[in-house]
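Trainee: Can you build the whole structure from these sequences, using the hints too?
Chains as they are written, first to last, in my numbering: chain A, 1 to 291; chain B, 1 to 391.
For the record, the hints were derived by calculation from the structure and aren't laboratory data.
On a predicted model such as this, the values are computed, not experimentally measured, just so you know.
The beta-carbon is built from N, C-alpha and C at its ideal position, and this holds for glycine as well.
Covered by chain B, per the in silico footprint, the following chain A stretches (three or more residues, Cβ under 8 Å): (1) 14-24; (2) 82-95.
Listed next, the in silico EDC-like pairs over lysine to aspartate or glutamate satisfying Cα-Cα at most 16 Å (straight line): (3) K125/A x E167/A; (4) K66/A x E129/A; (5) K70/A x D208/B; (6) K184/A x E52/B; (7) K168/A x D121/A; (8) K225/A x D271/A; (9) K224/A x E252/B; (10) K267/A x E40/A; (11) K149/A x D96/A; (12) K225/A x E269/A; (13) K168/A x E40/A; (14) K203/A x E247/A; (15) K280/B x E266/B; (16) K70/A x D124/A; (17) K212/B x D79/A; (18) K105/A x E62/A; (19) K153/A x D113/A; (20) K15/B x D172/A; (21) K365/B x E353/B; (22) K149/A x E77/A; (23) K212/B x E77/A; (24) K66/A x D127/A; (25) K184/A x D19/A; (26) K212/B x E147/A; (27) K168/A x E261/B; (28) K70/A x E122/A; (29) K125/A x E169/A; (30) K125/A x E261/B; (31) K168/A x E52/B; (32) K153/A x E142/A; (33) K70/A x E137/A; (34) K203/A x D243/A; (35) K15/B x E169/A.
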Amino acid sequence: MAAMANSRFQSTSSYVATDDLTIAVNAAVTLARPILIKGEPGTGKTQLAQEIATSLHKPLHEWHIKSTTKAQQGLYEYDAVARLRDSQLGDDRVHDISNYIIHGKVWDAFQSDQQPVLLIDEIDKADIEFPNDLLRELDRMEFFVYETKQLVKAVHRPIIVITSNNEKELPDAFLRRCFFHYIKFPDQQTMQSIVDVHFPNLKKTLLAEALNAFYRVRDVPGLKKKPSTSELLDWIKLLLAEDIPPEALRAEDSRTAIPPLYGALLKNEQDVHLFEQLVFLNRRSGNTPGR
Amino acid sequence: MLIPFFYQLRAGGMKTSITELLTLYEAMREGLARHSVDEFYYLSRACLVKDESQLDRFDRIFSAYFKGVEDSLRDLLQDIPEEWLRRQAELHLSDEEKAKIETLGGFEELMKALQARLDEQDERHEGGSRWIGTAGTSPFGAYGFNSEGVRIGQSGSRNRSAVKVWDRREYRNLDDSVELGTRNIKVALRRLRKFARAGAADQLDLPDTIDKTARNAGMLDIRMVPERHNAVKILLCLDVGGSMDDHVRICEELFSAARSEFKHLEYFYFHNFIYENFWKDNRRRHAERYATLDITHKYASDYKLIFVGDATMSPYEVVYAGGSVEHWNEEPGSVWMQRLLRTYPKAIWLNPEPRRRWDYMPSTKIIRQLMNDRMYPLTLAGLDEGMKKLR
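Mentor: Below, the structure is given as C-alpha cells:
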C-alpha cells in the first residue's frame, strides 16, 4: 500500500480531473475496490479508465457491455459445440476440457502479472441481473470454473472502473461494494481547462467565444439532448478545420444568431428544429431580452 | 465521530449501509483524506452516496451535521419553491451582484430581499416541502439547471470564507423525489414488461439443447423454455387540450417513455372524456376519427388500457347523453367507458392532478367509481402502483 501512495492519480496532459474525482479514484485505487462512474453522456467516463491506466502505468483491460452480454462471458466460456465437433472428428484435444475454456476479460485481468485496470463499460446496457452475477467476483476477486474445478483468483486486485449511463438502476448490493462518483457537467472554468488540454494552441478569443456560444446552446430550454463536452470538442475541431474566425461566433444579440456548424452540437432532429424555431421567433419579434 | 453522522444520514432517508461506513473508515485509515475538510467531504461522498439523486440530500445533511449550525433561515427556506426563488434571483440580480454576494457571503441580505418579495406575492407561497426533499409539488419544476446565484442551506455569512463545496448544492436537480423524468418512467414501465414474459414451458430451446447435448457428450438432451410473450400490448388514451394543457410536459414524457418501452403501443387522443370517437392526430381531429367500437374490435382484450387525463370536467360530460362539450353524443360517456372496460379488463387511469385534489372534483369521483378505483396519480409511485395493477 505504501508503494501506491506515491503513484496517485491526477489530471494528466490529456485529461482534466476535478478534485472530487481525483479523491474518489485514489480511494478506489488504494482500497482496491471498484469505482462506479456515472454522468451525462460525453463527460469522459470511458476515457477515465484509459487515463488511470496511462497515468499509473498499468495495463488496461476493456470489457464493453452490450445488451446481450452475460456476466459469465467476462469470466470464461465453455465452447461446448467445439468440443462436440472434436469428439465427432476424433480429435485428441477432446479429452482435456480445459482446451475448450475460453478466458474472458475478467479472467485476463485477474491473471495479469502487474496490477491492471479493468474497465467495465456501460454496465447498465446489460440485463438487469448482470451486476448481481458479478458480486462475488468484484468482492473477493475470485471465481470458480466448474468445468475444470479450478479456482481463479486475482494475482493483483485490479482497479475496476465501471461506467453507467443510468439506463437501468443498479442493485443495492452491487452499489455497496463500489465507490461512486458522478461526473457533473463541468462549469465554464473547468471546461476551459479541458479545451486547453485538447487544443493547446487554440486562440484565446476563439475559445472564449466558442464557450459562450456553447453554453448559450446548452441553456436553450427544452432540448432533448444537451450538447456535452465531447460535442464541444468535436465542434471546436470543426471550427478550427473550417478556419472560422472568432467574430463569426460573436453575435450582437445572442438570441438571434445560429452558431456556425451547429450540427456538431445538436444531435437530435427535434432539437435542431426547436433551436431554429426559437431563433426565428426571437428574430421576428426583435426583442432583446436583457440578461 | 462518524457514527452519529452515519445515523444522521439514515435518519435523513439515505440508504447508507454499514459496509459503506466501514469502507469510509478504511479509507481514512489509509490517509486518503488527510489534508482538508474538502477532501473528507469528497471521500465520504464517494463512499456513502451511490446514486446521484441522493447527492443533494447528502450535501444538506453533511452541511447540517459538520457545521453544527442550526440554519436559522431554514424555516423560511422550507416554504419557498426553489425554482421560484431561483428565478427571482436571476431576474433581480445581475451577474456582478451575484458574484458580489458570493464573495461577501451576504446570503442573508439576499434572503431578506427575497422574503420581502415573497410577502408581496403570497400565492406562490405553496409547496410546503419537508426538509428532506419530498417536495414534488410541481412536476414541472424541473428546469434542471443550478444557478450559482442562490444556495439554499448556506450559512456562509458566519464565516467569511469561500463557500463550502457541499453548500453549493450543485446536485439539486438530481433529487429523484422532485423530478419524474423519462428514464424514471421507463424504469417504472419496465416492471410491466418483465412480467409479460412468463408462461408455460412449451417451446424447444435450440441453443440450450445443443449446449446440453454437447455437455452430455452427444446424447440428446431436449430443453424446453416458456413461450415468450413478444411484449405487453398497450392502448394508451390521452386527454388533450383544455385543462390538460398544464400537464402537457409530463404527458409527453410518459408518452415518449412508453413509446420506446413497448413494442405494441397504440395511442389515441380524446378530449375530456371517452365517447364514440377517438383520433390520432390532433391537427386533423375532426377529419380523421376512429370509432371506439372499431378500436374495441381491432385490438384484442389482451391489450392493457391506460387512460391519461385529469378527469376534471363537468359531471354532465360523463353521465349524460349530449353532455360532451364538443359534439352531441347520443350515449353518455360512462356507457362508452363501460364498453371499453368490458373489452379490456386490465385498465387503469393515470391522473396528473395530485391525489389530494381528487375528492373535490365530482367528475373525478365518478370516473374513479367507473374505473373501480383504479385511478393513480401520474407520479413515479403512482405509476408503479398502476403497473402492478395492470399485470
